[in-house]
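Chain order of the listed sequences is A, B and C.
Mapping the first sequence onto UniProt numbering, position 77 (from 1) lands on 77, and the numbers just tick up by one.
Mapping the second sequence onto UniProt numbering, position 229 (from 1) lands on 229, and the numbers just tick up by one.
Mapping the third sequence onto UniProt numbering, position 421 (from 1) lands on 421, and the numbers just tick up by one.
Among the hints, erroneous ones may be present.
Any copy, or any two copies together, can satisfy a pair, since identical chains are not distinguished.
[As the list claims (entries may be wrong)] When the alpha-carbon atoms are kept at most 27 Å apart in a straight line, the in silico DSS-like pairs for lysine-lysine are as follows:
#1 63 - 361
#2 497 - 361
#3 233 - 167
#4 317 - 514
Simulated from the structure, these hints should not be mistaken for lab results.
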Amino acid sequence: MYFGVCYYPEHWPEERWETDAWMMREAGINIVRIGEFAWSRMERYEGSFDFSWLDRIIGILAKEGIQVILGTPTATPPKWLMDQHPDLYMRDMYGDVRGYGNRRHYCYNNEAYLPYISTIVGKMAERYGNDPRVVAWQIDNEFGCNDTTRCYCDQCRTQFQLWLKDKYQDIDHLNACWGTVFWSQIYNEWEQIIVPAYTVFPLHNPGLVLDYRRFASDAVCKFQKFQTDLIRKYAPHSTITHNMMGAFNEIDAFDLSAELDIVSWDNYPNLMFTKEVDPALAAMQHDMTRGLKGQNFWVMEHQSGQPGGNIMFPTPKPQELRRWTYQSIAHGADGILYFRWRGCLFGAEQYWHGILAHDGKAGRKYREVQQVGTELARIWPLLEGTKNEDQVAMIRSYDNEWVFEIQPHIMDYTYMGHFTNYYHYLFEQQLGTDVISPDADFSKYRMLIMPNFIMTNEEIVAKVYKFVHDGGTLVLDYRAGAKDWHNRMEALTLPGKFAELLGITVEEYGVLGKEEYRAIRMDGSETIYRGGTWFDVIEMRGAEAVATFTDDYFAGCPAVTSHVYGLGKAYYIGTEMDKELREEVLHLICRDAGLVQTLDVEVPEGVEIVTRKQGDQAYMFVINHRIEAAQVQLHSRFFDLLSEQELHEETKLEGNGVMILSQNK
Amino acid sequence: MYFGVCYYPEHWPEERWETDAWMMREAGINIVRIGEFAWSRMERYEGSFDFSWLDRIIGILAKEGIQVILGTPTATPPKWLMDQHPDLYMRDMYGDVRGYGNRRHYCYNNEAYLPYISTIVGKMAERYGNDPRVVAWQIDNEFGCNDTTRCYCDQCRTQFQLWLKDKYQDIDHLNACWGTVFWSQIYNEWEQIIVPAYTVFPLHNPGLVLDYRRFASDAVCKFQKFQTDLIRKYAPHSTITHNMMGAFNEIDAFDLSAELDIVSWDNYPNLMFTKEVDPALAAMQHDMTRGLKGQNFWVMEHQSGQPGGNIMFPTPKPQELRRWTYQSIAHGADGILYFRWRGCLFGAEQYWHGILAHDGKAGRKYREVQQVGTELARIWPLLEGTKNEDQVAMIRSYDNEWVFEIQPHIMDYTYMGHFTNYYHYLFEQQLGTDVISPDADFSKYRMLIMPNFIMTNEEIVAKVYKFVHDGGTLVLDYRAGAKDWHNRMEALTLPGKFAELLGITVEEYGVLGKEEYRAIRMDGSETIYRGGTWFDVIEMRGAEAVATFTDDYFAGCPAVTSHVYGLGKAYYIGTEMDKELREEVLHLICRDAGLVQTLDVEVPEGVEIVTRKQGDQAYMFVINHRIEAAQVQLHSRFFDLLSEQELHEETKLEGNGVMILSQNK
Amino acid sequence: MYFGVCYYPEHWPEERWETDAWMMREAGINIVRIGEFAWSRMERYEGSFDFSWLDRIIGILAKEGIQVILGTPTATPPKWLMDQHPDLYMRDMYGDVRGYGNRRHYCYNNEAYLPYISTIVGKMAERYGNDPRVVAWQIDNEFGCNDTTRCYCDQCRTQFQLWLKDKYQDIDHLNACWGTVFWSQIYNEWEQIIVPAYTVFPLHNPGLVLDYRRFASDAVCKFQKFQTDLIRKYAPHSTITHNMMGAFNEIDAFDLSAELDIVSWDNYPNLMFTKEVDPALAAMQHDMTRGLKGQNFWVMEHQSGQPGGNIMFPTPKPQELRRWTYQSIAHGADGILYFRWRGCLFGAEQYWHGILAHDGKAGRKYREVQQVGTELARIWPLLEGTKNEDQVAMIRSYDNEWVFEIQPHIMDYTYMGHFTNYYHYLFEQQLGTDVISPDADFSKYRMLIMPNFIMTNEEIVAKVYKFVHDGGTLVLDYRAGAKDWHNRMEALTLPGKFAELLGITVEEYGVLGKEEYRAIRMDGSETIYRGGTWFDVIEMRGAEAVATFTDDYFAGCPAVTSHVYGLGKAYYIGTEMDKELREEVLHLICRDAGLVQTLDVEVPEGVEIVTRKQGDQAYMFVINHRIEAAQVQLHSRFFDLLSEQELHEETKLEGNGVMILSQNK
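Please work from the sequences and hints to get the whole structure.
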């Protein structure tokens, strides 16, 4: 297993390097990421290269048995480069230049940048591409971070026009797909097409905006490919990754992952001011990352201290880093690199804390990392090769998420908030969940949730029908099937192409305002639940009611329906269910899908169970996300890899505590 | 009566047109508005015209007995035109170009636009100006919508300078009127004069800003006149209108109406997220529209479904469209066109719903429209020629509203909010109210309310004095008379030129913060009311106290006064009265004015009564704005035109229900 | 004493001037500030001067015994000047021009402005510099007002580069001090250096931003010096001042004061909408102003009516102006000029009220000013030469305040809010306080508070150690010593260079969110207090605990410590104490410092006591800031200068009332 840190030797005097390397090894560290912002130190003046310091630090690390992941420094082109090409800066939607002073200050579509990249990355790949001490490459850093995916410069407009020409071929095909006849926006020439910048009112043609987002995402992939090609040219066997950002949605991470050997992401669970951090959010993002290539991943930056830019975030409490580390591993991380080794004395991130404080002394967090390092050195041989094997999948569609961002059309709504509601239920039920692309293979799952799948196309529809027909359990909900893949409304009665599968039509619908709800009853129960945000007025065309509205003019109409189709069953949910109704309905659906499990381990709320398996061998991670101790009931005998004890019946798990249970020692 | 829809044939395949026309006729529709955004379809390339599709749809509609209102498409100049004149785009106050992508993307003051308008509107007028199937013309669409009245481009600055030169003649006259000596802003040349764009602090010379708003309003009128002149040249007998926006205040709608044959407006009562829509707001805007020319009007766009751009608004409930339709007619609408026929599949307004859903099927709302169409076909012959005959008028002054927008000087205050407070009282008392210009004839009213008339001039003052002298009842309130017509403070003791009429002086005054009130007592009563927002410290110069402050250092000073002047009475209100005090004071004033009426119909709160008359014949619209049924007490025998029943004593009016009562069958 | 008004003769007809001057004299006025916005009236066209009107008004005033403070009109360059040099306008961080229309529309660093200033100020100085009727000069007006300190234009960038070159000499010294190696921001040439304008994410290099703020502050001082040099050239013996703005922090007012003969400030205590104005805020700003040169000062603009631009502020109640006036004098004001004589009829400040209303009549406020004028004429001979003599000082560091603005790193935190918490305690204890620069002489104080002194340098550290060593009592608190003077983190264990003095180390720390607190107990007490905002985890290295955390993982660690060092004592406070704990801890510290005083006068909350002294003679100002009367206990016999009565035992002080007590008549 890779257990490491992100390290910036260029920030510290060389005299300190050996101390750092020695302290790292003492903590069990075997990998270090370096170089990703060090362009100025490698090429201070154009064409004048200095890799000697990099050679030295790689050597010092190697002496302590530590290997290196090398980052390409393209997130921070130096000032001398920018001064030669001021048109490289991104422009915002008002046309204002987003100038120098932070990072990521370049437009992906400006080809003037490419020769500089060729030179610096080429030199690096040539020098270190076959160096056994350098085990992997990271391209750039956090593509899209700080709103850097979409640019409104002239090059972008031109590239967008070419991208559209390539996609639509005929301008009148584009006019038809976008519906430019609306408000006289018909284009006669490709060169007339705009980017969706500042206009009279912030409401552009929805087809144009969606395509612009697709184009911008594609441009990042293309930019990345330029570098992976370069590295592979010099080092055909190198392992290449990029550090992604979990739920970040401006770039289609499925596309971005295609060219990579392994995906990694940056996990900062405590990057918020809620008094209690929700562990499901980190879990969900791990699952999202694992779904990108359907394989295990690395956490390239793992929180180790309080982050901070303009504002500082909360300080991790004792044992918190250890807990998050094991959660990461439980969800499929095969590599963990803490960010950062030591708090930097200067620069925009001087308040972004690391394992060591600014004084460089071994403190509480260093000792905690050391504890984890020691544990992992011992237990990793058992865990190696194990994987999460899940029977439920949620579909994450960037295209659909974009559509809701472009025109939410529902107040106080976000696609990801709605998505998370479902995930939360599964998390609380300890139901391991894959998060997959609409283009993935559905056949290996028993149950599929497709939240607010507003936009669809023939291919997806066909796969979904087949999935249910072959025995799968499907959940669709409000807005499903309302649009085609061009962000146009379907001329069909809702739920459009899904109507036959679901056995319903939606005759009317509407939004519900903030704090506005409609009463709902489950069939056969007296309890009153609530639906908010949205209501569908459903007419049955073969389906059965699972829950029914009991007030407003659509009282008596179903709110949730089920429909047998082939060997499977398709559910439809026509409102945003409150927590209680969600639990009732999803419990029923999961039971139907044969997913209600009886685990040999029983835990109170706040304790997570995740299993990694290989063949018959299963390792159950039991993670106490609470500060207080928890009573865990074991219904058979287990061996805890961490405490190295045999456990049975009731056992106490400390606050922030973790067990890794195996049936055999 | 015109009963119709807004229709966009260019959005639908021609195969559908006949179905649509047939369905319209089946619903009782006899008029359709078309063409107002179809420039690209009429002139896709410069100078290349295609009206054949327009000919065809006009023909299809005519076959079903449906006439046409034709819109000029100048709200959406095509991209090819904009690419020829990029300087046509508006600029915001920061100088940023408000670019392509929505609509209304042109500056009214840029003369480069005019030849293109001449061509397209000229061709349309030539072709359809004398076509009997085309019964009226709409110029452009919703002038000023989405903050498009005021532009800060170079042409605007130049035109503003010319407008000022024309108004002031002598630069030092302008300097004196604006008080440019303040902060050394004296202008030596007309060319030095600025538009009130972005500056160090958002507080320009108040005279300059007011004149800029007047200029911008005038520019729209001039822009409109260019088109009315064009159409009248080809079709001297055509009926020309423009669809205005009720309470919208950036353009002086009295001025804009002057060139029109009939005014119309766009009525979306449910364009908000309050749980219960306030029916007084739609009523007030009907009354405002009727007051523009003192004659009946059309509702050019009448809400028929949930509107929606980025956010969707609530769905109308059953019978809601019918209720709003009859309210419109009750307040003087002689034409109703629903917006829109069918939800568009694409474009920025794909969520702006119409009578038909996106699937084009006849649903609940279609049947409701059909019900109204059938009813109107039967009863319109009785209503034709009837009018609202009101004895109370409220004065709406755009100039004064602008002054308060330029410098509200009172926290959380809006002129229109204050205006609405008075209107609400009259609405609740079923007192039909005209909303008129300060330039209107006051003599036909018994009572006149002039809310916060801060700026005044000699002509208005003379009219007001005469009105009271001749027996009228006048209500003025805080800030009255503080400024002259140039937005300069009067050097007079307040209420300035109104002091003699009101028999008071205001010695001091001040704002009251949020949730800050002063206690007030009516003379002869123990009840404590509250005044907020503002206080005047009034000294009596002949007036009598109606209500008196009882705390703070001005305890004992009057809050409301009355003064006999000639045959009439002038009231002054020196604070923002709370609802209870407002009811007491206005009841007293209305009683004085002989306006307290005893109707033969008694209704609970939430039910509106409006009367249209012709000679002796009166039709009383009784409209239940509640969802629940209401008990209506009839003190004489009535015939209800809608149910075609004789009614007397207690009768039940369903939720959303309407009666039109007549004394004779 | 100077007792006067700000007056704008150019706003009024000459016929009125004599009336105004006569009314002023009747009110006891002996000084008038004029001219500071009158450039257009002195030089309407370039090179065409008219000072005749100024001669006339100075003459009229002199006839009534009134002297003049003359303002240089450079805050409002006329339009003809701006039209010649459009590059004179400031630019905001987006590069947008902050255009004409308000005031202060120029960049301090644009040298094109200087010749125009030379001419107009030179002419004024030549004409009036030795005129005995002109007793002082005010340079410009409120430097920095309305966000006009920092500009992002090209001249500023160039001047900043020169300023940096001058400061750092060697570009690599700058690179090292700023830590530009972070994110590859190394500069190779001075010309590459940016100003901290709009970039990808609003987080620039902290060293750069701090230096940019220092540079901008210096630029204003340089701009002012250009004018003081000019005036002194023509009138070497003139008294020169500038009207500053109390707590305003964009310009280092210690630096700005260096070139001035006397400082003055603009005091608007009621410039807010809180229902009760906090009198400590005006007191603190008086003390700040007095500390600028360590000498008495003038209030150049003293609120006399409700202020108002876009929004109007509350109206002063009866006796409120008098109360604020005596508070000003109590804190060291030797001159008071009310703003403004009469409400202006036009311009951006038509709602900024003065002594006279717009009608120009003598009203309530005029009579109140007259009362004060009469009193002062009588008592000033006694007060002349008296001063505040304080034993406590708070250090105000602009550099440190800027650091916290650049990266607050603590939620909902402001340096000045934290500063005010300490001041408030001292204010409530009637402990006269000096507010001084870190460069001031500490030796005359018994106690020194240095709030959040995050950034420090060798000189200050040495002075602080010496201060305590010699017997002083010092208060430092959280974040002290974390950074060096370049805004870089110290590589030392916290509190860095203060560790030895304080006898502690801070091993960990963290932010506390909104409404998040940790329990704290004072040693020997059961009461539970709360710390919020921040916590330090302190380890004792010789200090003693004063208060201790009792929850979270650092329960048992000290929250407040004390440490004997030499003859003195150094306290450290590792959290934001709640009000109750603050009172306990500061009481203890003040007692230690020998500062707990027993006054002969006892007053209830809301009554302030301030003493001015000269030798043995003390005048105790007792100021009732409440609307209600207060009972004042006198423990010895006093003579009240205002009522001219002998007072002892219990005496009643009216709401807004003031006494000036002396031991001898």
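Okay, the hints, checked on the actual structure:
1. Within a single copy, residue 63 and residue 361 get their C-alpha atoms as close as 22 Å, which meets the 27 Å cut-off; across copies the closest is 76 Å, which misses it.
2. For the identical chains of this complex, residue 497 and residue 361 are inter-copy neighbours only, at 17 Å across copies versus 63 Å inside a copy, given an alpha-carbon limit of 27 Å.
3. Within a single copy, residue 233 and residue 167 get their C-alpha atoms no closer than 29 Å, and across copies no closer than 48 Å, so neither meets the 27 Å cut-off.
4. Taking the shortest Cα distances, residue 317 and residue 514 sit within 27 Å of each other only across copies (18 Å), while inside one copy they are farther apart (36 Å).
When the structure is compared with the earlier hints, a violation turns up for hint 3 alone.
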